Amino acid sequence: GNSVTQMEGPVTLSEEAFLTINCTYTATGYPSLFWYVQYPGEGLQLLLKATKADDKGSNKGFEATYRKETTSFHLEKGSVQVSDSAVYFCALSDRGSSYKLIFGSGTRLLVRP
Amino acid sequence: DAGVTQSPTHLIKTRGQHVTLRCSPISGHKSVSWYQQVLGQGPQFIFQYYEKEERGRGNFPDRFSARQFPNYSSELNVNALLLGDSALYLCASNFLLGGLGENTEAFFGQGTRLTVV
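Those protein sequences? They're chains A and B, same order as listed.
Residue 113 is where the first sequence ends in the working numbering, and the numbering goes up by one at each step.
Residue 117 is where the second sequence ends in the working numbering, and the numbering goes up by one at each step.
The set of hints was computed from the structure by calculation and includes no laboratory data.
Only a predicted model underlies this, so the values are computations on that prediction, with no experimental measurement involved.
Here are some, though not all, of the chain A residues that point toward chain B, as calculated from beta-carbon distances under 8 Å: (1) Leu46; (2) Phe89; (3) Lys100; (4) Phe103.
Positions of the beta carbon are idealized from the N, C-alpha and C atoms, including for glycine.
Chain B with its partners taken away, still in its complex shape (with noise of 0.2 Å):
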């Protein structure tokens, strides 16, 4: 069976631009959730979403947004790039009962690497 799946593995870009970064959940699986992760850091909780809907967002500003697709994949978008936002970005799925169920394994990503210049 195909793990978490996350496009691209690395990606370059300059302050300003704007970014989308992709990832497919294992098969099964309904909940996404995305994390960053700054060299040298753990990973920071961005957002979660189950069943296509928004579940949790961690601290962080409006240019960072995202969204979940019928098929359970899902796309982060970061806006306005500044350089403080090159991290190593980790999708994880989950499966979850009914949204909030018990504890389950955070399966992750090989995460994309994104460099602001």
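Only chain A is shown next, with the shape it has when bound in the complex (with noise of 0.2 Å):
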């Protein structure tokens, strides 16, 4: 069945530092894949998302390249803040059920000043 897997965490950064977290998947067909966050005691949010191969998702200055050769989804950002503190959950949705998210186990990003 699909399945994503991401990094385990926690990532302990400084500010301005340089992010990556890596995320695979396994889908049959052509998956849109997803990165959701969420910052404490609060729902999930849209990041940022491509609906097909070789889309780039960008959003907040956090980038990832849909590479359906490597099939990986892989989150980065140039320089990283206090306020992007959070954890990080890759996600893909089948194009045959749009409504179902599959997702990741999370990575939690802690970013020093």
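Bring the two chains, given one by one in their own frames, into a single complex with the hints.
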């Protein structure tokens, strides 16, 4: 079945450091890929998405590229801020069942001043 | 515009009891999905409803049930609560064309934190 694997955390960085959170997926067909962010005590917010191979999703300085050949969707940011501290979830949605999101286990990011 | 709203925000129940969680989708959204997020894990899909019909179900026991009302709001019911049901329950709404249309963004509510003691 479809699944998402992302790197375990926590990831601890100093402010202005470069961020990479790895995400790989297993899916039949051509899923859409998402990154969601969860701040403490809150629900999930969509950070970015990509719906087909080689698409790059971007938002708030974060980027991720849909790589079909490596089945990956790694999240990157060039310079993190303290306010980026949160839990990040990689997710996929099968084209034939767009209502169902399959999430990875989440990666906690802690950015220190 | 109001986002997805869930009630209550927090709930404490005793083992064996029943619980009902409520969700109001974004205006115009006819699809509602429910997810369970156990502490330290990613959300797991429970149900999806579209136009008041169940369109998908995750790997959860029959103790879990849901329904959608004519105004597209939804309830999630859990019977015979177990300690393992303690989790954050998230509701998400989508605008879907024809029920299974193009992938659209899922908007999540703040969740209901259920603690079973």
